[in-house]
Amino acid sequence: MPDPIPFRRPDPATQPPYDAPEYGSTHKRHPKQKLVVVPHTLTETSGPRFDPAFYPPQVDMSQVNGRAAMGERIIVAGRVTDEDGRPLRGAMVEVWQANSSGRYHHPRDQHDAPLDPNFEGRARLFTDAEGNYSFVSIKPGAYPWRNHANAWRPIHIHFGLHGAGFAQRMITQMYFPGDPLLPLDPVFNCTADEAARNRLVSTFDLDITRPEWALGYRFDIVLRGPAATPFENAP
Amino acid sequence: MTRALMTAPIPATASQTAGPYWHMIDFPEWADLLRPGGPNAGVAGERITLTGRITDGDGAPCVDALVEIWQAGPDGAYGAGFHGFGRCASNEDGVFRFTTLKPGAVPGLGNATQAPHIVVTIFARGLMKHVVTRAYFANEALNAADPVLNLVDPARRSTLIAQPEGGGTWRLDIRLQGENETVFLDV
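Going down the list, the protein sequences come from chains X and Z.
According to my numbering, the first sequence holds residues 1 to 235 in order.
According to my numbering, the second sequence holds residues 1 to 187 in order.
Each hint should be verified, as a subset may be incorrect.
As the list claims (entries may be wrong) - Computed footprint of chain X on chain Z; a stretch qualifies when at least three of its residues, placed anywhere within it, have a C-beta under 8 Å from a C-beta of chain X: (1) 8-15; (2) 22-34; (3) 43-49; (4) 97-105; (5) 122-133; (6) 157-168.
Unchecked claim - Subject to a maximum C-alpha distance of 30 Å in a straight line, what follows is the list of computed DSS-like cross-link-like pairs (lysine-lysine): (7) X:K139 / Z:K102; (8) Z:K129 / X:K34; (9) X:K28 / Z:K129; (10) Z:K129 / X:K139; (11) Z:K102 / Z:K129.
Said to hold, decoys possible - Here are the computed distance ranges between Cβ atoms for each label pair: (12) X:F204 / Z:A41: 41 to 47 Å; (13) X:L206 / Z:R35: 54 to 60 Å; (14) Z:A155 / X:G24: 18 to 24 Å; (15) X:W145 / Z:P164: 37 to 43 Å; (16) Z:T113 / X:V37: 18 to 24 Å; (17) X:E212 / Z:D75: 36 to 42 Å; (18) Z:P36 / X:N65: 33 to 39 Å; (19) Z:E29 / X:G90: 38 to 44 Å; (20) Z:A41 / X:E212: 29 to 35 Å; (21) X:G24 / Z:A80: 24 to 30 Å; (22) Z:E29 / X:K32: 32 to 38 Å; (23) X:Q110 / Z:P154: 45 to 51 Å.
Calculated directly from the structure, the hints in this document are not laboratory data.
Cβ coordinates follow ideal geometry from the N, Cα and C atoms, glycine included.
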């Protein structure tokens, strides 16, 4: 059997470091020893395929049993590709977020803001043949955290992606354009490359916006691509 | 034939921390890869429990970790006949626990063989990107020639070897930082 094609190694500036001093929770949790670089084997290039029969999709976070959540309804849509622009088809995308008041449906979140019985804050999507996904939600609220004095997280939606190989597994956060908290946020800012940071900010999109119903935001996601690709046969 | 593409036309999206409140995507049954009605119901093999405690640089339990595993089936094949993915939330003691089948040996690069192993990844508050390690099985003859174990300083190799606790339970504690820090892999 030929060796599997490895994934590209990222430019370190385009990914956050483990040791991010401005983000206090990294202090005791980042590895101090050098990571061991592992050549990609089948262990890294293969990955789980999620059959919607076992993992049913849930594309509308804006209601529970037909009862609408409080807040500003939004549509989020985008495309999942690899670094060469090839679509990831049938990829499972997991999404979770705080409610419109900035509170998570989570027992440990004690922020003094109301829970919404009609907002659970999770979705599960599968990309189509072109790598596209879409879901309906409520614009999340900002919330305070104890990282530093008067610290607030910019509004964001968490995304979890599964690619074709386990080395493509990735969790990230989508932000919203024009959020005044972005320049102050150590999580957003610890990635060195400005362009890489700004790709985490969704764009308002009138084509995704549905008249009389909800604003639309676009968030495209890129997973690692192959470090080498087979020649395409000439016609 | 291949052509090298060293720089990415569109760089991969930056990772961001899963944060402390990720449990809306915790489905506790996913920690049991053999669950009735699940993708592996009825697959034959050696049933095992993989468990361990995750601690930080102060030795404090990491109580909010999202732990995922990825492994081959008992025949050493990925994805064919065995869905080798699981997810588990660490508990208030920092402990994770998976029920699965012991994987077989897996092809390595060239003619190499990899000893049976399970990839263990951790996402958590304070981890801007997940950490990746492997759980190998103590007393496995193939460990001595495993190409990944052999990349690791022999003095630290034990941090990748799960130990038997009887009854099919294998334990691998994970120390994110400090004394006996787990060997994490750059994959």
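A quick look at each hint next to the structure:
no. : hint                        : verdict
1   : 8-15                        : holds (count 8)
2   : 22-34                       : holds (count 4)
3   : 43-49                       : violated (count 0)
4   : 97-105                      : violated (count 0)
5   : 122-133                     : holds (count 9)
6   : 157-168                     : violated (count 0)
7   : X:K139 / Z:K102             : violated, 44 Å
8   : Z:K129 / X:K34              : holds, 15 Å
9   : X:K28 / Z:K129              : holds, 15 Å
10  : Z:K129 / X:K139             : holds, 25 Å
11  : Z:K102 / Z:K129             : holds, 28 Å
12  : X:F204 / Z:A41: 41 to 47 Å  : holds, 46 Å
13  : X:L206 / Z:R35: 54 to 60 Å  : violated, 45 Å
14  : Z:A155 / X:G24: 18 to 24 Å  : violated, 31 Å
15  : X:W145 / Z:P164: 37 to 43 Å : holds, 41 Å
16  : Z:T113 / X:V37: 18 to 24 Å  : holds, 20 Å
17  : X:E212 / Z:D75: 36 to 42 Å  : violated, 56 Å
18  : Z:P36 / X:N65: 33 to 39 Å   : violated, 27 Å
19  : Z:E29 / X:G90: 38 to 44 Å   : violated, 22 Å
20  : Z:A41 / X:E212: 29 to 35 Å  : violated, 47 Å
21  : X:G24 / Z:A80: 24 to 30 Å   : violated, 44 Å
22  : Z:E29 / X:K32: 32 to 38 Å   : holds, 35 Å
23  : X:Q110 / Z:P154: 45 to 51 Å : holds, 46 Å
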